Structures are given as C-alpha cells and as structure tokens.
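Novice: Sequences and hints are given; from them, build the entire structure.
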Amino acid sequence: MPSPFIEIEAGGRTVKVTNPDKVYFPGIGATKRDLVEYYLSVGDGIMRAVRDRPTYIKRHPDGVQTDAIYQKRMPKHPDWLETAEVHFPSGRTADAFRPTEVAGIAWCANLGTIDFHPWAARVPDLHHPDELRIDIDPQPGTGFDEARKVAFTAREVLADLGLTGFPKTSGNRGVHISVRIQPRWTFTEVRYAGIGFAREVEKRVPALATTAWWKEERGERVFIDFNQNALDRTVVAAYSVRARPDGQVSAPVTWEELESCDPADFTLRTMPARFAEIGDPHEAIDEVACDLTGLLELYEKDGRGDLPYPPNYPKMPGEPKRVQPSKDRDR
1 MPSPFIEIEA
11 GGRTVKVTNP
21 DKVYFPGIGA
31 TKRDLVEYYL
41 SVGDGIMRAV
51 RDRPTYIKRH
61 PDGVQTDAIY
71 QKRMPKHPDW
81 LETAEVHFPS
91 GRTADAFRPT
101 EVAGIAWCAN
111 LGTIDFHPWA
121 ARVPDLHHPD
131 ELRIDIDPQP
141 GTGFDEARKV
151 AFTAREVLAD
161 LGLTGFPKTS
171 GNRGVHISVR
181 IQPRWTFTEV
191 RYAGIGFARE
201 VEKRVPALAT
211 TAWWKEERGE
221 RVFIDFNQNA
231 LDRTVVAAYS
241 VRARPDGQVS
251 APVTWEELES
261 CDPADFTLRT
271 MPARFAEIGD
281 PHEAIDEVAC
291 DLTGLLELYE
301 KDGRGDLPYP
311 PNYPKMPGEP
321 KRVQPSKDRD
331 R
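Residue numbers are given in UniProt numbering: position 10 of the sequence shown equals residue 10, and the series is strictly consecutive.
Derived by calculation from the structure, the hints in this document are not laboratory data. As the structure is a computational prediction, the values presented were derived from the model and not from experiment. Heads up, none of these hints are tricks.
Pairs of lysine-lysine residues, derived as DSS-like cross-links and limited to a Cα-Cα distance of at most 30 Å, are as follows:
1. K301 / K321
2. K149 / K215
3. K22 / K76
4. K327 / K315
5. K315 / K58
6. K301 / K315
7. K203 / K327
8. K215 / K203
9. K203 / K321
10. K215 / K58
11. K72 / K321
12. K321 / K215
13. K315 / K203
14. K149 / K301
15. K72 / K58
16. K58 / K16
17. K315 / K215
18. K149 / K203
Simulated DEER-style distance windows between Cβ atoms:
19. E297 / P320: 17 to 23 Å
20. D44 / K315: 41 to 47 Å
21. V23 / K315: 43 to 49 Å
22. K203 / E7: 54 to 60 Å
Think of the CB as a built atom: it goes at the ideal place given N, C-alpha and C, for glycine as much as any other residue.
Specialist: Right under this line is the structure:
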C-alpha cells in the first residue's frame with residue numbers, strides 16, 4: 001500500500017508530503033515526491049528567481065494530465081510561510097505567496113504546485129520592478145529554433161544599450177531573457193521600455209519577430225510579449241517545472257549553451273545533476289542593475305506610442321483602441 005505521507009527536510013524545516021507516490025508526470029513516471037525533491041535539489045537557483053517576490057502558484061493536485069488551479073491568493077498556510085499584499089489593475093488586493101525560504105517551495109509543491117510565477121518586483125517595493133522581462137513566444141508555424149534566433153537579436157539590442165540579459169528556456173518552445181534593472185521606474189514605464197525594446201528587435205528582423213498584439217496580425221513569426229512587463233503579469237520562474245508529461249523545466253542557460261541546446265533535455269530528472277555539476281548560470285544576475293533610460297528614449301523616439309493591454313485590464317491612459325483589427329469598423 002502506498003505511503004499516505006512522508007516527511008522531508010527542507011532548509012531546516014520538516015515538510016509533510018502527502019500521497020508521495022502519486023504519479024504527476026506520466027511521460028516519465030515522476031511522482032509528487034520526485035517533484036518536491038527536485039525543487040529542493042535546485043533550491044538555491046529557484047530561490048534566486050523568486051525570493052521576496054509575490055508569486056502565483058499553478059497547481060495540479062492530481063497530476064499534469066488534469067486541469068490547473070491557478071492561484072493568486074495564497075491558500076491556508078502555516079504561520080512560518082510569508083505572504084505579500086498585491087494590488088491588481090482592477091483595484092482589488094490579495095495576499096500572494098512570498099517565498100523567503102526553500103521550505104515554502106516544498107510546501108507549495110505538496111499542494112500540487114507545478115509552476116511558480118513570480119512578479120517582477122520585490123518586497124518591500126512592489127511599485128517599482130527590478131526586472132525587465134523579454135518573453136519570446138513562438139507562434140504557429142514557428143518553434144524553438146526561431147525563438148533562439150530572435151533571442152540572439154535581442155542580445156545584440158541589449159548589448160548596444162549597455163544592458164545585460166540572462167537567458168532561459170521557457171520550459172516549452174520559447175525563450176525568456178531576464179534583465180535586472182534599477183528599481184526606479186513604475187510598471188507603466190518598464191512596459192514602455194519593453195515595447196521600445198520589442199520594436200527595435202522587430203525592426204532588425206521583421207520577417208522573424210513581431211510586436212503585433214492581435215494574433216491575426218502575427219503570421220508565422222515569433223511574438224515578443226511586451227505585456228509581460230505590465231502590473232500583475234508574470235513569467236514562469238527559472239527552475240520551475242512546467243505542466244507537461246515529460247516534466248520539462250524552464251532552465252537557465254548560458255548564451256553559449258543557447259546556441260545549440262534542446263529544451264527537451266532539461267527536465268526534473270536531468271536538472272538536479274546539472275545543477276550539482278555546473279551550478280546556476282544565473283548566479284550573477286543580482287550583481288547587475290541596469291539603467292532603462294536608453295530604452296525609454298528609444299520608445300519615445302519611435303513615436304508610435306503605446307500598444308494594447310491584455311483584455312482584463314481597465315482602459316489605460318494613452319492606450320490605443322483595444323479592438324481586434326478584423327472587428328474594428330472604423331478601420
């Protein structure tokens with residue numbers, strides 16, 4: 001009979017893992033226990049990505065083959081686990097998970113949390129992001145190879161502006177680049193910088209990259225999702241497992257590795273040994289705090305102004321009409 005629970009040591013705390021033998025990832029036969037132990041094995045890496053950031057959790061209590069429960073509000077939790085009050089664009093608030101120690105990650109994994117989605121800002125200042133996020137998202141007809149090419153163009157743009165980017169696989173077909181920034185700008189301003197950046201990449205490789213918010217205008221190109229820099233938007237954390245049967249992970253890589261890596265090689269089965277052998281390719285990420293002035297100047301110089309926000313946001317100042325082009329009667 002499978003054990004009803006086990007206890008695992010996590011950074012000086014004991015975390016109970018219920019139904020540890022339940023299969024969560026049928027493609028590789030990995031269990032809930034495997035998931036918890038994975039997160040502990042890369043604890044320093046994932047904590048570097050999420051520490052003190054409001055973090056949303058995506059739960060699959062019966063495994064990745066079942067529907068997700070995406071939670072912004074932290075469920076009932078032990079007293080030692082920290083939360084942070086976040087403000088949504090609607091004006092509502094919630095107490096979100098605030099990771100401060102790896103035991104909190106393990107505790108959430110016991111709830112069936114596969115993915116961790118941190119904010120771009122950290123406690124105590126949740127109004128000024130310390131990270132610009134570049135989400136390179138392949139559209140139908142494109143894949144990881146195209147995303148990789150766009151990522152290297154993105155690297156060129158960053159270098160031209162004196163910015164340092166740290167790449168990772170998305171855990172699926174895309175690439176994410178994190179740029180630590182000085183926490184001087186609002187979410188609105190950081191989003192403007194993201195738009196300016198995305199437009200510059202699009203300008204350099206227009207047949208490959210697009211900033212078109214509406215899917216019908218993207219074609220077979222790679223979308224640079226500038227809206228991931230908006231308030232309350234998140235990108236999956238470095239080292240987060242994704243809800244796939246193969247247990248693929250959003251894996252930090254070096255730029256040299258990105259030239260030839262296969263995202264399928266980074267799973268919860270393979271990443272512990274990789275982490276033990278080479279450490280965290282993003283270990284130096286907090287040693288850099290970049291200046292967004294150049295990107296904001298690029299945004300202003302472009303002259304085209306803002307782009308649409310996601311549909312769940314109130315109408316924002318300066319935002320263009322939020323209407324799908326094919327349904328816009330005024331066009």
